[in-house]
Structure formats: structure tokens, C-alpha cells
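Asks: Sequence:
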Amino acid sequence: MSFAPSHFTAVLLFATSASIVFGITQRATTRAMLRYGVACWVAFVGVVIVVSWLMFLIKH
Numbered sequence: 003m004s005f006a007p008s009h010f011t012a013v014l015l016f017a018t019s020a021s022i023v024f025g026i027t028q029r030a031t032t033r034a035m036l037r038y039g040v041a042c043w044v045a046f047v048g049v050v051i052v053v054s055w056l057m058f059l060i061k062h
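Start counting at 1 in the sequence shown, then tack on 2, and there's your number in our numbering.
Rather than coming from a laboratory, the hints here were simulated on the basis of the structure. Computed from a predicted structure; not experimentally measured. Watch out, some of these pointers could steer you wrong.
Once the Cα atoms are required to be at most 20 Å apart in a straight line, the calculated SDA-like pairs of lysine to any residue come out as [unchecked claim]:
| hint | residue 1 | residue 2 |
| --- | --- | --- |
| 1 | Lys61 | Val50 |
| 2 | Lys61 | Val49 |
| 3 | Lys61 | His9 |
| 4 | Lys61 | Ile51 |
With the hints as constraints, model all of the structure from the sequences given.
Replies: This is the structure:
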């Protein structure tokens, strides 16, 4: 059995992992960790979606 995620799934996994690490290591309180982690996740995924649309529009 092999695990072969799509590009978008790989981005979601990376964004989730990185956001958890950033939230834990960059903030002191639990509430701040959660808010920062969610903000990082939204930023990661948002940038990926915007850049992918730009690449699509440039190609077509």
C-alpha cells in the first residue's frame, strides 16, 4: 500500500503541520497559539489558492 497524495492534499498536510509547529513555538498562551496557528494555516492555503489561480490564468 502506498500513499500518493494530490498536490492540494500535500499542501494541506504541510500547512497543517507547519501551522501547528508555528503556533506552539511562536506564542506563549494556549489561546494565542491557537489563533496564530489558524492564521498561519489560512495564510498558507490562501496564498496557494491565489498563486494556483494566477498560474492557471497565465497559462490560459
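Asks: Each of the hints needs a verdict: does it hold here or not?
Replies: To see whether the hints hold, each was checked on the structure:
no. : hint             : in the structure
1   : Lys61 with Val50 : holds (16 Å)
2   : Lys61 with Val49 : holds (18 Å)
3   : Lys61 with His9  : holds (18 Å)
4   : Lys61 with Ile51 : holds (15 Å)
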